[in-house]
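Listed below are the residues making up each chain.
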Amino acid sequence: MLYDLILRYKLFFKSIFPLFSIFLAVILDRFHVFRALPLEPNITFPIIYYWTIHRAESLPVIGIFLAGLLDDALGGAYLGQNTLEFLFLFGAVLGQRQYLINSSFFMGWLILFFLSLGLMVIEWGIASLVAQEWMDATSLFLQNTLSVILYPWLTYLLNKVKD
Amino acid sequence: MFGRSPKLGLGLYGRRPWLKRARATFHLYKKLFLVFIFILISIFTLGLSYANIPFATKVRVFLTDMTTPIMSVASIPYDITISTKNKIYKWVNTYYILDKLEEENTSLKRQLNRLKSLEEENKKLRQLTHMVPDRFRTYITARIVAYPGRPFVKSILLNAGSKDGVESQQPVVTDNGLVGRTIDVGMHSSRILLITDLNSRVPVIIEGLNEHAILAGDNTDYPKLKYVKQISKVKIGDIIRTSGRGGVFSSSIPVGIISKIENDVIKVQPYVDLESLTHVTLVTPLVDHRLIKAE
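So the protein lines, in turn, are chains A and Z. Count along the first sequence from 1, then add 31; that gives the number in my numbering. Count along the second sequence from 1, then add 9; that gives the number in my numbering.
If you are wondering where the hints come from, they were derived from the structure by calculation, not from laboratory data. Idealized CB from N, CA, C, for every residue including glycine. There could be a bad hint or two in this list.
[Said to hold, decoys possible] Computed footprint of chain A on chain Z, listed as stretches where at least three residues anywhere in the stretch have a Cβ under 8 Å from a Cβ of chain A: (1) 28 to 42; (2) 50 to 57; (3) 65 to 75; (4) 83 to 92; (5) 153 to 162.
[What the hints assert, rightly or not] Cut-off 20 Å, straight-line C-alpha distance, at most; resulting in silico cross-link-like pairs (EDC-like, lysine to aspartate or glutamate): (6) Z/K276 - A/D167; (7) Z/K276 - Z/D230; (8) Z/K40 - A/E88; (9) Z/K233 - Z/E220; (10) Z/K235 - Z/D273; (11) Z/K238 - Z/D273; (12) Z/K242 - Z/E271; (13) Z/K233 - Z/E284; (14) Z/K99 - Z/E111; (15) Z/K269 - Z/E216; (16) Z/K242 - Z/D273; (17) Z/K276 - A/E164; (18) Z/K29 - A/E88; (19) Z/K99 - Z/D88; (20) Z/K233 - A/E164; (21) A/K45 - A/D35; (22) Z/K235 - A/E164; (23) Z/K238 - Z/E216; (24) Z/K235 - Z/D247; (25) Z/K276 - Z/E220; (26) Z/K244 - Z/D273; (27) Z/K238 - Z/E220; (28) Z/K96 - Z/D108; (29) Z/K233 - A/D167; (30) Z/K118 - Z/E128; (31) Z/K39 - A/E88; (32) Z/K269 - A/D167.
Based on the provided sequences and hints, a complete structural model is requested.
Shown next, in the form of structure tokens:
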């Protein structure tokens, strides 16, 4: 009986953990955790990428949408901006999930880098459109690249939690 | 429907593996369709937010208000780490800090004596001219609970809102100078638009030249000075203060110094290190103390 209950709770936490970790990443991204670095990495999109490959069934679309809205609200961006990026990433990975599950880690890492470029184009495009001038995308590129560099460590950590 | 068949003792998919694949494909396309719908909703939300529709602002304020308590709690370990780091730094550099403080103390005492005599003189002059008493300001100190985290956004979130007396368009400062102004104010939280943000415009004056200009943020760490008439007379190191025009910022708040002049583009280095702020002070609107006396 007790074992059944524990098992049920374990399964429940296991099913909500991917979405919970995305919300946690959105909150952590708002702190200056990596203050020593000249740029702050964005840990949310590598986490979305990881969970979409490994546990897409535990990620409801509305959850990703709400995480994006929260990111916009906390970060001060236009509402819908990060939401759009998160959904683009989620949709792109979901479409190629079978291929990504079977591919090697390095291939997955490389694909994340190309997807980060796609996200960069969306963010830079929206910022330029709003400002009505071409914005300098260097810091955004560096920030996204730094986030991609962190992916192996995040994968190691999330693999531990997943298992 | 998709459970095991009691008659055959086989799963439904055991006999028809194509059905399992079809079901998985159906679910995948259903989810992708939902993603597409939510992308459209996001674009619509983005449009509303860009058009500054009050509803979008209300949604943003509601979301920040709901999450500010979580952010406050989540930042406790981080705050403890920072304060421990600061304590260690102070402990290691005690002699150096003490030396510096003694020096500063002597200089401040000198200034205080001068200010006292000026205050007396001011009082006498006011009495002579029968001047109406000036209005005064009050201050609210608040903690930063969220940083922008993205290169194209320069705003911060505070844990003080309308319940604490914060209003929209209030100047925000630190001991060193101007930080920005409040934009979205909720019950328990408020958003500060930093002077480096693309949407920030601050009426300023170049000290010494008496030249009025506008400090315009461009999302870099060094905002630009716009509409300067005598560019040739401006030099690196000139001090920038708020001019008081426009009614949002009072006059003479230190803003920064001119750090670079290139191709008629003047860049200003703010006095405040906007990346390492933990607390800020909000300057409340002017209060007429004749009204307070009447109360």
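Please work out if Z/K235 and Z/D273 have their alpha carbons no farther apart than 20 Å. holds (10 Å)
Quickly compare the C-alpha distance for Z/K238 and Z/E216 to 20 Å and report which way the hint goes. OK: Z/K238 and Z/E216 at ~14 Å, within 20 Å.
With the threshold set at 20 Å, check whether the alpha-carbon distance from Z/K276 to Z/E220 stays at or below it. The hint holds at about 15 Å.
Is Z/K99 close enough to Z/D88, meaning Cα to Cα at most 20 Å? Holds: Z/K99 and Z/D88 sit about 16 Å apart, inside 20 Å.
Between the alpha carbons of Z/K233 and A/E164, is the straight-line distance 20 Å or under? Between Z/K233 and A/E164 the Cα gap is close to 15 Å, so the pair holds against 20 Å.
With the threshold set at 20 Å, check whether the alpha-carbon distance from Z/K269 to A/D167 stays at or below it. Between Z/K269 and A/D167 the Cα gap is close to 18 Å, so the pair holds against 20 Å.
20 Å limit on alpha-carbon distance, applied to hinted pair Z/K242 and Z/D273: holds (11 Å)
Confirm or reject the coverage of the region 153 to 162 of chain Z by chain A under the rule of 3 or more residues with a beta carbon closer than 8 Å to the chain's beta carbons. Held - the region 153 to 162 of chain Z has 9 residues with a Cβ nearer than 8 Å to chain A, which meets the minimum of three.
Quickly compare the C-alpha distance for Z/K244 and Z/D273 to 20 Å and report which way the hint goes. holds (11 Å)
Does A/E88 lie within 20 Å of Z/K40 when you go C-alpha to C-alpha? holds (10 Å)
Are the Cα atoms of Z/K242 and Z/E271 separated by 20 Å or less? holds (14 Å)
Agreement of Z/K235 and Z/D247 with the hint, judged by alpha carbon distance not exceeding 20 Å: Roughly 15 Å between the alpha carbons, so the hint for Z/K235 and Z/D247 holds.
The structure meets every hint from the earlier list without exception.
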